[in-house]
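Given chain A, put chain B in place with the hints provided.
Protein chains in written order, with my numbering: chain A, 1 to 288; chain B, 1 to 340.
It is worth saying that the hints were derived from the structure and are not from the lab. Keep in mind that this is a model prediction, so the values were computed, not measured. Heads up, the beta-carbon is just placed ideally off N, CA and C, and yes, glycines get one too. One or more hints might be untrue.
Here are the simulated lysine to any residue pairs, SDA-like style, with alpha carbons at most 20 Å apart [what the hints assert, rightly or not]:
| no. | chain 1 | residue 1 | chain 2 | residue 2 |
| --- | --- | --- | --- | --- |
| 1 | B | 319 | A | 83 |
| 2 | B | 319 | A | 82 |
| 3 | B | 319 | A | 86 |
| 4 | B | 319 | A | 77 |
| 5 | B | 319 | A | 1 |
| 6 | B | 18 | A | 77 |
| 7 | B | 319 | A | 158 |
| 8 | B | 319 | A | 89 |
| 9 | B | 319 | A | 146 |
| 10 | A | 158 | A | 146 |
So the derived list for chain B, only partly shown, Cβ under 10 Å to chain A, looks like this [stated by the list, open to error]:
| no. | residue |
| --- | --- |
| 11 | 43 |
| 12 | 166 |
| 13 | 167 |
| 14 | 169 |
| 15 | 316 |
| 16 | 320 |
| 17 | 323 |
Here's the letter readout for the chains.
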Amino acid sequence: MDIIIYGIINSVSLALMAVGFTLVYGVSRLPNFAHGALYVLTGYLTWILMNRAGLNYVFSAIIALGLTGLIGAAMYQLVLIRVRGMPISEIIASYAIGLAILEGLRWGGLKGGTFRLPPFIEGSVSIFGVSVDFQRLFVVILGAAIMGALWLFVNSTKLGLALKGMAQDERAAMTLGIDSDRMAVTATAIGSILAGAAAIILLPLGSIVVESGYHVLIMAVAVCIVGGLGSWTGAVMAAFIIGFAQIITVVYFGAHYQVVVALLAIVVTLISRPSGLFGRQKELEERV
Amino acid sequence: MSGSKGDRRKERVDRGIKVRSDSVYAISSWREITYLVAPRLALILVLAVAPFILSAAPYWQRVVSIICVYSLLAMGFDFLANYVGLVSLGGGFYVGVGAYAAALLNTYVGLPPVITIPMATLLGAAICTVLFLPCLPLRGVYFAIVSLMYPLLAARIIEALDIFGGTDGILGVDGFSNVWVEQYFLVLCVLVMVFALRRLVEEDIGLVFRGVKDNDQAVKASGININEYKALGVFIASALGCLGGACLTHMYMWAGLSQFALDFSIIPIAATVVGGGGTLVGPVLGCMILVPVSELLRDFGSLRIAVYSIVLTAFIVFKSEGIMTYAARKYEQFERWAEI
Chain A
1 MDIIIYGIIN SVSLALMAVG FTLVYGVSRL PNFAHGALYV LTGYLTWILM NRAGLNYVFS
61 AIIALGLTGL IGAAMYQLVL IRVRGMPISE IIASYAIGLA ILEGLRWGGL KGGTFRLPPF
121 IEGSVSIFGV SVDFQRLFVV ILGAAIMGAL WLFVNSTKLG LALKGMAQDE RAAMTLGIDS
181 DRMAVTATAI GSILAGAAAI ILLPLGSIVV ESGYHVLIMA VAVCIVGGLG SWTGAVMAAF
241 IIGFAQIITV VYFGAHYQVV VALLAIVVTL ISRPSGLFGR QKELEERV
Chain B
1 MSGSKGDRRK ERVDRGIKVR SDSVYAISSW REITYLVAPR LALILVLAVA PFILSAAPYW
61 QRVVSIICVY SLLAMGFDFL ANYVGLVSLG GGFYVGVGAY AAALLNTYVG LPPVITIPMA
121 TLLGAAICTV LFLPCLPLRG VYFAIVSLMY PLLAARIIEA LDIFGGTDGI LGVDGFSNVW
181 VEQYFLVLCV LVMVFALRRL VEEDIGLVFR GVKDNDQAVK ASGININEYK ALGVFIASAL
241 GCLGGACLTH MYMWAGLSQF ALDFSIIPIA ATVVGGGGTL VGPVLGCMIL VPVSELLRDF
301 GSLRIAVYSI VLTAFIVFKS EGIMTYAARK YEQFERWAEI
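Bound-form chain A, shown alone:
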């Protein structure tokens, strides 16, 4: 029972980390290597707003999310737009921005366990004899809610459909009057906000540290590769596979090997099904 419950929690956290990355890549074919940095940044901004500006939790979280969205959009509009279509430069530029944010924060004094976000509600509850604290319950509920909202947004709003159109066929979308650059900015902003939302939901479980930026980036990428880049169903499925695999490894082998699972999953996927679990043939051609 432990394995099932903590497996679900872990899987939803992974899905939360990955969903923003998949969205940006799916829409604009841009690997946003600053994803992890935006995650940490949102947590830090929320902390600053709460503890230095004295705002309440909900309010500071919303402002931090808005700021992260703006930073994401600015990052695309000022830097990444100039290197579109040059994969090497895209990777290096976004990775460099991420590093600048992360190492800048580290220099600015973000280290150790002093930076903590409080959980939404203290306490824990017992489910089928397993004690789960409320925050972890919130992870699952809010995670599911965010996925659901995103699904609704993409499938039933005009903007969402435009993004979906871009993801499916950029040229056809352009002939229908969808502005490719504006959509890409929007997608980057939404992706950043999703990274931030993941941070606000997940960070109360631990403290805000720079290393989690790299961790989140790696996990997001692992999930996306296993699921097939740009495929959202795939990403969610992959999050569950890796999530459960990790928990099982922790229970039977020890926590040290948890990171190895991600790499192993990537390698096995790439060897056996290069386009990912839900990738299409077209993607196969461009990956391998």
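Quick look at chain B alone, frame taken from chain A:
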């Protein structure tokens, strides 16, 4: 290209001396010979004289060695990214493997540095290549991502399993016999590698490498196994990294987890972008600029990496050709207004 009236444009034309020295007339007079040799000689002279001049300040003398180590790494990155088409964000992995290989060979087997450095280079490169084999079919983004994970994971695994000295690292590695040996060995390595690699990419094999980068389907269609060439490319690049790592170990008489650190991954990339990708000399130039700056910023800790990243982004956005390409253009071509 801002023409005043709109009916003129700037055009670039090769200098006469460049055209002459490209062909058999290169040795027609001292002028052509000088034109060809001067830039190459300048690099050799600068690297050869630097340890002498800086011997007055021992701290900065050490910096020459560090520049050389980073230059080796940056050349490897440049070669892999711009000639084979594999962007490796995990340069720290090569350094780490080379460093640990040299340290282990030295402390456990008891071999002297003369043997450990070449052995660590080849052995380390072989280990890196084997470990990267499953990822070689990957392209661009995917390879970048996976290579980024390697150094992080390696450090994590050594820490978790507590092998090779765990978090303390391996102490008591032999140093170079004196500082001059260390410096000139490294300078020699860098110079040999620069010229060897520049020669290599002009040979037939270099053509295949570029083919793999630009259009791997066409290379496949010619009946060439691209994975073999990618593996060879990774071997060459990781050999450069491992050589750097092995020298680093003997310089500091220590191998540890910090040799998998981010510095070794990001500085070579920054140096390549600043110096000019695809030139193979550019990365060396980039290191000569960035590493001293990094030493000046040493007191600021991780701000260094942030500074690099910003410089890197600025160069990618505003001057993506890099210093070396720019300088080469000015050296070889002139600009003039042409009527349209």
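Against the structure, the hints:
Between residue 319 of chain B and residue 83 of chain A, the direct Cα distance comes to roughly 12 Å. Compliance with the 20 Å bound is thereby established for this hinted pair. Our distance criterion of 20 Å between C-alpha atoms is met by residue 319 of chain B and residue 82 of chain A, whose separation comes to about 11 Å. Annotation: proposed proximity of residue 319 of chain B to residue 86 of chain A holds, straight-line Cα distance about 15 Å (limit 20 Å). Distance restraint check for residue 319 of chain B and residue 77 of chain A: the Cα-Cα separation of roughly 18 Å lies within the 20 Å cut-off, and the hinted pair is therefore satisfied.
A threshold of 20 Å between alpha carbons decides the hint, and for residue 319 of chain B with residue 1 of chain A the separation of about 57 Å lies outside it, so the pair is violated. Taking the CA atoms of residue 18 of chain B and residue 77 of chain A, the gap is near 41 Å; set against the 20 Å cutoff, the hint is violated. With a C-alpha separation of about 39 Å, the suggested pair residue 319 of chain B and residue 158 of chain A falls outside the 20 Å cut-off, and the hint is violated. Our distance criterion of 20 Å between C-alpha atoms is met by residue 319 of chain B and residue 89 of chain A, whose separation comes to about 12 Å.
Between residue 319 of chain B and residue 146 of chain A, the direct Cα distance comes to roughly 40 Å. Violation of the 20 Å bound is thereby established for this hinted pair. For a cut-off of 20 Å, the pair hint linking residue 158 of chain A to residue 146 of chain A stands: about 18 Å separates their Cα positions. Checking residue 43 of chain B against chain A by beta carbon gives a least distance of about 25 Å; that is not within 10 Å, so the hint is violated. For residue 166 of chain B, the suggested interface contact is broken, since its CB lies about 12 Å from the closest CB of chain A, more than 10 Å.
Here the hint on residue 167 of chain B is broken, as its CB sits about 13 Å from the closest CB of chain A, past 10 Å. Checking residue 169 of chain B against chain A by beta carbon gives a least distance of about 19 Å; that is not within 10 Å, so the hint is violated. Hint on residue 316 of chain B holds. Least Cβ distance to chain A is approximately 5 Å, under the 10 Å limit. Because the beta carbon of residue 320 of chain B sits about 7 Å from the nearest beta carbon in chain A, less than 10 Å, this interface hint is met.
Because the closest C-beta pair between residue 323 of chain B and chain A is about 17 Å apart, greater than 10 Å, the hint is violated.
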